[in-house]
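Colleague: Those sequence lines, one after another, are chains W and S. Under the numbering used here, think of the first position of the first sequence as 61, with each following residue one higher. Under the numbering used here, think of the first position of the second sequence as 61, with each following residue one higher.
Since the hints were derived computationally from the structure, they do not count as laboratory data. None of the values given here were measured: they were computed from a predicted structure. You may find that some hints are simply not true.
Since the list can't tell identical chains apart, any single copy or any two copies may satisfy a pair.
[Unchecked claim] Below are the BS3-like pairs computed for lysine-lysine, each with C-alpha atoms no more than 30 Å apart in a straight line:
hint, residue 1, residue 2
1, LYS290, LYS363
2, LYS112, LYS363
3, LYS432, LYS117
4, LYS129, LYS91
5, LYS290, LYS358
6, LYS290, LYS88
Protein chains: 2
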Amino acid sequence: MLNFRYISPTQFVFGRNAEASLVEESPKLGKVILLHYGSGSIVKSGLYDRVKKHLAKTSAKIVELGGVKPNPSLELVKKGINLCRSSGVTGVLAVGGGSVIDSAKAIAIGVPYSGDVWDFFTEKATVAEALPIGVILTLPAAGSEGSSSAVVTDVLNKSKFDCEHDLMRPIFSLMNPELTYTLSPFQTACGITDMLSHVMERYFTHTEDVNLSDRLCEAVMRSIIDTSPKVLANPTDYAGRAELMWASTIAHIDLVGLGRVGDWASHRIEHELSAQYDVAHGAGLATVFPAWMKYVLKENLAKAVQFALRVWNVNYVTNKDEEIALEGIRRHKAFYDSIGMPTNLKALGVKDNRYAAMAEKALRSGALGEVKKLDKKDVVGIYTLAEA
Amino acid sequence: MLNFRYISPTQFVFGRNAEASLVEESPKLGKVILLHYGSGSIVKSGLYDRVKKHLAKTSAKIVELGGVKPNPSLELVKKGINLCRSSGVTGVLAVGGGSVIDSAKAIAIGVPYSGDVWDFFTEKATVAEALPIGVILTLPAAGSEGSSSAVVTDVLNKSKFDCEHDLMRPIFSLMNPELTYTLSPFQTACGITDMLSHVMERYFTHTEDVNLSDRLCEAVMRSIIDTSPKVLANPTDYAGRAELMWASTIAHIDLVGLGRVGDWASHRIEHELSAQYDVAHGAGLATVFPAWMKYVLKENLAKAVQFALRVWNVNYVTNKDEEIALEGIRRHKAFYDSIGMPTNLKALGVKDNRYAAMAEKALRSGALGEVKKLDKKDVVGIYTLAEA
C-alpha cells in the first residue's frame with residue numbers, strides 16, 4: 061500500500077425526497093446561487109419547479125444557466141463564468157448528471173481565477189480557489205457528485221480534457237433514487253458502464269499489498285453487476301435504483317483506490333472517441349475497456365485471474381491462468397451486451413478510422429496507463445481490438 | 061436501503077512518516093493546543109519527542125495532559141476540560157489509540173459546554189459545539205480516528221457510556237503503520253476483534269436491499285481475517301500493519317453501515333464487562349459476539365447463512381441453513397482463538413456472576429439490539445452462553 065492523503069468533505073443526503081434538504085443545505089452556497097442544469101428534462105419532470113420552490117424558502121438570489129449537453133462544452137463553461145462574475149454569484153448548484161456537475165465544477169474554479177479556465181485542464185495552472193458547489197443528482201454514472209474531478213470538452217478543437225482538485229468536491233450532494241426512474245435503458249446502462257469503469261481503472265494496477273482495496277473494488281463491482289438487470293427489467297425498482305445511485309458515488313469517491321496507482325488509460329482512450337464522434341462516454345467505455353483488458357492481459361495476468369475468479373466466479377483450474385483471465389473478459393463483455401451496450405466500435409457508430417490522430421491526442425502528456433505504459437502503436441492496437 | 065445523511069470531513073494522511081504532516085495540519089487546531097496522550101509508551105518509543113519537535117516548528121502554544129488509561133475515565137476528561145479552559149486551549153491533539161482519542165473527543169465537546177460533560181453521555185444534552193480534534197494514531201482498533209463517537213467510563217459508578225455527533229469527527233488523522241510495530245500480540249488481537257465487531261454490528265440487521273453495503277462489510281471482514289495471522293507472525297510486516305490500520309478506520313467511519321440499522325447490542329453488553337472488570341474491550345467482544353450470534357441465530361438466519369458462506373467459505377448444502385450458520389459461528393470463534401483472544405468469560409478473567417446487575421445497566425435506555433430486541437432475560441442468557 062502506498063502513502064496517501066484523503067479527504068471527502070461532501071455532506072451526502074440520500075433517499076426519498078432528498079432534494080427537499082436544499083432548504084437547509086443551500087445557505088452553504090452563499091447569497092447568490094447559479095442554478096445550473098441541462099436540456100430541460102428537469103423542467104419536464106417537475107424537478108425544476110420543486111427546486112425553485114425550495115430555494116424560494118431561502119433568502120438566496122438565483123441566477124440561471126441551463127443548456128448543458130453531454131460532454132459539457134468549454135463554451136458554456138466560459139459563459140457561466142462571465143455570468144457568475146457579472147451577477148456576483150457566490151456558489152453553484154448543479155441539478156443533473158455528471159455533465160451538469162462537471163460544467164458546474166469548471167465554472168466554480170474559473171470564477172476566482174484571473175486566467176483562462178482551460179489552463180486547469182491543460183495543466184498550465186493548479187486550482188487554488190473555487191466557489192462552493194452543491195448537487196442534486198439525477199443520473200448515477202460519473203460519480204461527480206462526490207469526486208474531485210471534472211471533464212470538459214473544447215468542441216472547436218475536439219479536445220476532451222480532465223482536471224482534478226479536492227476543492228472541486230461538492231460541499232453537498234442530494235441524492236433521491238426516485239429521480240432516476242425516468243432514465244432510459246440506454247442512459248441507465250451507460251451509467252452502469254461508467255461506474256464499473258471507475259472501479260476497474262483503480263482495480264487493475266501493479267501496486268502490491270492492496271488486499272483491502274481490492275476487496276472493496278470487488279464488492280462495488282459485484283453489487284453493480286447484481287443490481288443492473290433488476291433495474292433494467294423494472295425501472296421503478298427503488299431498491300435497485302438506490303443501490304446503483306450510491307454505487308456511482310462509492311465507485312469514484314477515491315475510497316476504493318487509496319494507496320494504489322490507478323491505470324486510467326481506458327478513460328483517456330475513450331475520451332478521444334467522445335471528442336471525435338460525440339458518443340456517450342459509458343457506451344464508448346463498453347467498447348474500449350474489454351479491448352484494453354485483452355491488449356494488456358499478459359502485463360498483469362495475476363490480477364486478471366483474480367478479477368475472473370472473484371468478480372465473475374470463473375472456475376479455477378491449475379495451469380490455465382490465461383484461459384481463466386480470458387473467460388473473465390468474455391463474461392464481462394457479455395454483461396455489457398446483456399445491458400444493451402455496444403461492445404464494438406461499429407455498434408458504437410464509429411465508421412471511419414481516425415485511430416492514429418486520436419492516439420496522438422490521447423498521448424499529449426506522454427505515455428498512458430500503469431498496467432502497461434502505452435505508446436501510439438499500443439493505443440492504435442486497442443482501437444483496432446475494439447472493432448471486434 | 062434506508063434514507064441517510066453522511067459526512068466524513070477528516071483529512072487522512074496515511075503512510076510512513078505521516079506524523080510529520082503535523083507541521084502543516086496542526087494550525088487547524090488553533091493557537092493553543094492540548095497535547096493529550098496515555099501512559100508514556102509514546103515517550104519510550106520516541107514519538108513524543110518527534111511530535112514536540114514537529115509542533116516546535118509551528119507558532120502554537122502547547123499544553124499537555126497525559127495519563128489516559130484503557131477505558132478512559134470521566135475524571136481525567138473533567139481535568140482536561142478545566143485545564144483547557146484555564147489555558148485558553150483552541151484544539152485538542154490526541155496521540156495514541158482509541159482511549160486517548162475518545163478522551164480527547166470528550167474534552168473537545170466539554171470545553172464549550174456550560175453544563176456537565178457527562179450530560180452528553182447520559183443523553184441529557186446534545187452536542188452543539190466542539191473544539192477541533194487532531195489525531196496521531198498508534199493503535200488500530202477503535203476506529204475513533206475517523207468516527208463520530210466516543211466511549212467514556214465513570215469509574216466511580218462503573219458506567220461506560222457512549223456519545224455520538226458529527227462534530228466529534230477528527231479534523232485530521234495522521235496514520236503511520238510503523239508506529240504499530242511495537243504493539244504486543246494481545247493488543248494487536250484486541251484491535252482486530254474490535255474492528256471486526258464494528259463491521260459485524262452493522263452487518264447483522266433486518267434492513268433489506270443492502271447488497272452494496274453487505275458486500276462492503278464482507279470485503280472489510282475478509283481483509284482483516286486474511287491479514288491478521290501475517291501480522292501476528294511478523295509484527296514488523298509493513299503491508300499487514302497498513303492493511304489493519306486502514307481497516308480499523310473503514311470499519312467504523314460509517315461507510316459500510318449507511319442506509320441500514322445497526323444492532324450494537326454486543327457492544328453494550330461488552331461495555332458492562334469492561335466497566336465491571338476493567339477488561340480490554342476487544343477481548344470482551346471476543347467472548348460476547350459469538351454468544352450473541354448463537355443466541356439470536358433464528359432471528360435472522362438468512363443473514364447468518366450469508367455470513368458463513370461469504371466470509372467463512374462454508375460449503376452450501378440445501379436444507380441445512382442452521383448447520384451452515386452454526387459452522388460460520390464456529391469458524392469465527394476459532395479465528396478469535398487462533399489470534400490469542402479469550403473466547404469464554406472464564407478465560408477473560410470473569411470469575412463471578414454479576415449478570416443480572418450488568419444486564420440492568422446495559423438496558424438503562426430500554427431494550428437493546430435490532431436483530432432481536434433483548435430484554436434482561438436475553439442479556440443474562442447471552443452472558444451465560446459466553447461462559448462456554
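Colleague: With reference to the structure, classify each hint as holding or not holding.
Modeller: Right, here's what the structure says about each hint:
no. : hint              : verdict
1   : LYS290 <-> LYS363 : both (29 Å within a copy, 21 Å between copies)
2   : LYS112 <-> LYS363 : neither (49 Å within a copy, 44 Å between copies)
3   : LYS432 <-> LYS117 : neither (54 Å within a copy, 42 Å between copies)
4   : LYS129 <-> LYS91  : within (27 Å within a copy, 48 Å between copies)
5   : LYS290 <-> LYS358 : between (34 Å within a copy, 29 Å between copies)
6   : LYS290 <-> LYS88  : neither (37 Å within a copy, 47 Å between copies)
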